[in-house]
Amino acid sequence: MFTPGPILGIETSCDETAAAVASPDGRILSNIIFSQTLHAAYGGVVPELASREHSGRLPAIVTEALSAAPIGWGDLAGIAVTAGPGLVGCLLVGVAYARAAARARGIPLIGVNHLEGHAHTPALTDPELGYPQLVLIVSGGHTSLVMVEAPGQFQCLGRTRDDAAGECFDKVGKLLGFDYPAGPAIDRAGEDGAANAVAFPKTRFEGQGYDFSFSGIKTAAALDWDKRQRGLLPAVEMKDWVASFEQTIVDSLTQNLFRAADDQSIPTVALAGGVARNRRLRRVVTAWAERTGRHAIVPPPEWCADNAAMIAAVGSYRWQPDSGDAPLIDAVPNWGLGEPPPWMVTT
Amino acid sequence: MITSLCHSVAETEALAVEFSRTLQSGAWVGLIGPLGAGKSVFARAVGRAVGVRGEMPSPTYTLMTVHTGRCPVYHMDMYRISSDAELEFAGILPYFSGPGICLVEWAERVRSAWPPAGWIVTIAITRDSDRSIEIARFGPATNRQDGT
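Top to bottom, those sequences are chains A and B.
Note that our numbering numbers the first sequence so that position 226 is 226, with each residue one more than the last.
One gets our numbering by counting positions in the second sequence from 1 and adding 347 to each.
Among these hints, one or two may not hold up.
Using C-beta positions, here's what the derived DEER-type ranges look like [to be verified]:
1. B:Gly-486 <-> A:Pro-70: 24 to 30 Å
2. B:Arg-368 <-> A:Ala-197: 41 to 47 Å
3. A:Asp-192 <-> B:Val-413: 43 to 49 Å
4. B:Ala-471 <-> A:Thr-286: 39 to 45 Å
5. A:Asp-179 <-> B:Glu-455: 33 to 39 Å
6. A:Asp-262 <-> B:Thr-415: 35 to 41 Å
7. A:Pro-300 <-> B:Glu-358: 44 to 50 Å
8. B:Val-356 <-> A:Ala-60: 48 to 54 Å
9. A:Arg-283 <-> B:Arg-400: 17 to 23 Å
10. B:Phe-485 <-> A:Arg-259: 45 to 51 Å
Here are some of the chain A residues that sit facing chain B, going by a computed Cβ distance under 8 Å [to be verified]:
11. Leu-87
12. Gly-140
13. Gln-155
14. Leu-157
15. Gly-158
16. Glu-290
17. Arg-294
18. Asn-334
One-sided excerpt, in silico: chain B residues whose CB lies under 10 Å from chain A [stated by the list, open to error]:
19. Val-364
20. Ile-379
21. Gly-383
22. Ala-396
23. Gly-398
24. Glu-402
25. Ser-405
26. Arg-427
The hints are simulated quantities; they were obtained by calculation from the structure and are not laboratory data.
Built from N, CA and C at the ideal position, the CB exists for glycine as well.
Chain A with its partners taken away, still in its complex shape (with noise of 0.2 Å):
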């Protein structure tokens, strides 16, 4: 897998402006999340709407991307952005900028989906495990586990039926008064409690299938809470009941993600996305790789929130000469891992 020069990654499918930039062997040379280099300047607070603010900040996130790492635009094979899943009115910024630039520097454009760059993330994070490999990737968004066959070839054996897991911590940790999104305050808030003090159910579903649902434990949780509130049940300190209702979304994820990994024989775990960053989470498939002589892959914290590393990474594989006939990649607020993006279906 190599590329004639390196590869531009573009991010903005949501809250992130990003870029980076991959050598060509996939390896990452810069990446560059605005919301990190502001959060100081800001002093820890970025309005919303400030953050989906995408087209006035890409540029600036690009060049510092390209002298980080430290190319020029003459250097560059390639540009990859994301194309979907995600809000269309972010997506369309990324995809505008790097059409422009792909066509300005006469050097293709890879339209990557932002969840094959998550999957795509512990391979990156160490790259001398093989596959198959089970991903579970999980953020406030998504909550899917997939298996990657080979880079780029994915199957995806669950998905949740309705709430995300992030969304479920964001959702419950603002109940609780935790500014959102609230999966850090949810992982500090619980980190010496007792994970036993409070039982809240699980949705398990009936067959062998691997799908998430976290709706009912957000809604068991947020009655608990309320009844604890109005004394109709009995006091709970607040990092035992915090670190009860993690425990439960984090065996949630793990159930499914061992029992597959059991089921089909496969060597390799991985954790990806946002939530991939809770500490309970990290420390619940480590310690069962290793009592089961597995591999887990727990990618650092930074590569677990949306980037653009992964998709320059993802860039550098799928990178292919230009034609001259490519087809024009569109944003796709909709495109599900492991089907093929519209611009690619022929009818």
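Based on the hints, put chain B in the right spot on chain A.
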């Protein structure tokens, strides 16, 4: 305005199915209620009843998911929206007045962006699995959801 008491998810779904018979393309339905009240349960049951197949995952993160039933069905969530300007920026506003059925959770967050006419479904948790569900119409009677 009609208020119903439902004692289970199944009863909430049955009420939603009944309600969906009044909906035509162009209808706008706001859903209001606390976390865990069953707004998504109600919205999914309406979606199924008007012909949506396949999963209807939560639209919280994406703000809107587009489904196809007997007409387009837009399942929306205003939980992350904090102002009308954001709604406009997210490109959602045109759908509020276009064809298709809009199912809008946390609708109270965008009160000033409501269309001239529509339905408001307000769900209150009365006890563990008991819900009080109020269905009210707003706006002039000659409105979009009558198809007139």
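Next item on the list: Check each numbered hint against the structure and report the violated ones by number, ascending.
Entry: Failing hints, ascending: 1, 5, 9, 13, 14, 15, 16, 17, 19, 20, 22 and 23.
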